[in-house]
Amino acid sequence: MGRFLASRLLQAIPVILAVITVTFFLVRVAPGGPFDSEKAVIPEVKAALEAQYRLDQPLFSQYLAYLGDLAQGDFGPSFKYPGRSVNELIGAGLPVTAELGLYALLIATLIGGLAGVIASLRPNTPQDYVPMALAMIGICMPTFLLGPLLVLVFGIELEWLPVSGWGDIPGDKILPSITLGAAYAAYIARLSRAGMLEVLSQDYIRTARAKGLPEWQVVVKHGLRGGLLPVVAFLGPAFAGLLAGSFVVETIFQIPGLGRFYVQAAFNRDYTMILGTTVFLSTLIVLFNLLSDVLAASLNPRLRHQYQTGGMP
Amino acid sequence: MALLEVRDLGVSFVTRNGVNKAVDGISFDVEAGKITAIIGESGSGKSVACYSMLGLVPMPPGRIDGGSAHFDGQDLLQMSEAELRKIRGRDIAMIFQDPMTCLNPFMRIGEQMIEPLVLHRGTSKAEAMERAIELLGEVGIREPASTINCYPHEFSGGMRQRVMIAMALINEPRLLIADEPTTALDVTIQAQILQLIAELQKSRDIGVIFISHDLAVVADIADQIAVMQEGRIVERGDREAIFSHAEHPYTQKLLSAIPSGGKENAQAHDDTLVRVRNLKTWFHSGEETVKAVDDVSFEIRRGEILGMVGESGSGKSTIGRSLLRLVPVTGGEVEFDGVDVTALEGTALKDMRRRMQMIFQDPFASLNPRMTVFDTLAEPLLLHGIETRKSVSQAVLKLMDDVGLMRSAVRKYPHEFSGGQRQRIAIGRALATRPEFVVADEPVSALDVTIQAQILDLMEALGREYGLTMLFVSHDLAVVKHLADRIVVLYQGRIVEQGTGDSLFANPQEPYTQRLLGAIPGRHLL
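Note that the protein sequences, when read in sequence, are chains G and X. Counted from 1, the first sequence has number 265 at position 262 by the numbering used here; the numbering is strictly sequential. Counted from 1, the second sequence has number 494 at position 395 by the numbering used here; the numbering is strictly sequential.
For reference, chain G alone in the conformation it holds in the complex (with noise of 0.2 Å):
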């Protein structure tokens, strides 16, 4: 296991420099600059700044300065937040973003899961029509849509929940938990149905129900664990996911994540704060694609076997 750790972390060196490459060559050839705006700028001024922040240096040494100080873990400081890091603006907006995507995560595994796996113990019967039916909806339905939606009923009609705000009242976090997690709830159900349906059809399954064993012990005991083993190996780029495609949920709530900075950082031109979330959200990536994988494989001898003899699967 341990030499299939270690090539898997050295694999994702090259794609993580690829991505800090491409990244950073790209926000230079979209047009504008972080010091650029409507009103007009004393030219020395933005000359000043400029070289404050090394952008009158050649494009390529300002490209090996950046990977210089990326090495030492330092993103660099942020064009548009005068005094404070990149570092501190992902370390402020981090905790806010993961507890979200983990609530959201939590009930996307719940209730997909449960969806799926009922779906599958009468196929193509009212009992699989109906969630699935669900499910399709919770994927053809943006996050835009969904989430005002909610807010329209459980907020504003029937008063239950907070309309927006994260830890300032209770019960706030619900909906924008509910509203980020339901397409990935819905993702779920569909591959924890699938992989119901093919473990069930097992001819394991068929030993199981000879041994006497009771329905919910052979679906329980023998099903679950091979099922949802597809459901596994999509939670980690699912969290991952999360945490990157948490902006729309953000800026509906009102939430101070990460999201949010994300794409103001774009519209600002902010190039550090662009390459320094892209790369931190990029690493996250790998890691969980890592992680799942890691999990996959305890869930599966097979596979752990694999690995421990150095083969790749």
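Everything labelled a hint here was simulated from the structure, so no lab data went into it.
No farther apart than 20 Å at their CA atoms in a straight line, the calculated lysine to any residue pairs in the SDA-like style are these:
1) K390/X with S411/X
2) K497/X with M470/X
3) K185/X with W219/G
4) K301/X with G132/X
5) K224/G with A181/X
6) K449/X with V428/X
7) K224/G with M206/X
8) K185/X with P217/G
9) K224/G with E210/X
10) K390/X with Q591/X
11) K224/X with Q220/G
12) K224/G with K185/X
13) K224/X with V223/G
14) K224/G with N248/X
15) K185/X with D171/X
16) K224/G with Y250/X
17) K185/X with R209/G
18) K224/G with T222/X
19) K224/X with P217/G
20) K185/X with Q220/G
21) K224/G with M228/X
22) K133/X with A340/X
23) K224/G with L155/X
24) K224/G with P204/X
25) K379/X with Q591/X
26) K224/G with S223/X
27) K185/X with E218/G
28) K185/X with I208/G
29) K224/G with T200/X
From the derived model, a few chain G residues whose C-beta atoms are all more than 12 Å from chain X:
30) A101
31) L105
32) T146
Cβ atoms here follow ideal geometry from the backbone N, Cα and C, with glycine treated the same way.
Given chain G's structure and the hints, the job is docking chain X onto it.
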């Protein structure tokens, strides 16, 4: 009174295309302490009959039409699901065909084995584990105390079947239903498992229903035999009666399908088409080197069928693949018509592949499920530029005729065919390029005996018509003897013996060959 008395059992499947009678009023008895064999080909209803008694046929689409199945005086067919559950795994246990897929790959075998004991008898886990270890020892698993913590993938097929048997016996059932328990196994392993079942059955005095498609398999162990065809029992009797004077034509057909006899008039040419010298194919798995094929030399003359026999892991399939360069060769030479195949690259290799083809074991897995038969057969013809887009249809239809398939089926997909028909398609695909040399890798071992006989006949006829040279790989000596001019016996990557079928059968020199011969089921019938 018999342990199990089945009377007029009928089971149907209700599908969109109508009602399909799978079991049509069958009656048979199983005595305690006796083995009752139910013989029939796939789809004859033999498994459905047994599964339906235990409530293991999903309903719908399944439906019990009527009849009774008295076990111990109680009618199984009248029981509720909850009552049946109490009998399943306690009084009636089952073992299945494919030990590879019938054990839960995610659970240690110990956990799986103790389930029925804990469930039905409320035994504590620790006690149940002890019992499981005892049983594992009894079915011949070495060091059961430690292997009980292994996962199924850590066992070979034969060992898994032993685990299945131990698991079935853990509650000391009175009836054991064995559904093709040896079909997925090598001949030598099959012989061991058959012996094990017979021994356990005698020592425990339990009743056994042994389901098989192969009469030869039960020739040594069955007390009673019932032959099923299309949902009906066409003939029933004790073993002697069935083997010595079978009355029903279908039983006679099954008997004649048992491969026997050698090949007549071997008429191979003198020149050598394939010459293999010191072939080595090694695989690397982590630190280990697996010497799958280790220093093997042999020759095949033009027009000859060379049989290659050995058990799983003997390297026989790897040799076939090495000849065709489907796996990288570690060392040695493979000369085909004077050219060293191991050195070929690019177009030269592609041209050579046209002249050498392969037929694989599993016609379910080796055909692309998204391609019609037409596409499957046309692809090699177009790929090698043998036919043009215009002329290819005629060539494909000719191939369909050759392999005995209806021309009208040409637009169908593989899943619409039976196993035997699929193997015909696979043979057609291999012959499409008009190869001179074909490697047939266990082409009939996934098929029922009756179908097996048809495919062997087809291969023999086509071999003659196309003037084929063939390497015929199988674990089954009886099948090989039926078809091959000469036989090579492989053991652990090396050739241990070779000769004509008759000389090998009459006078085997090596102990391994003797063991292989001893393992042929129903060998006294040959």
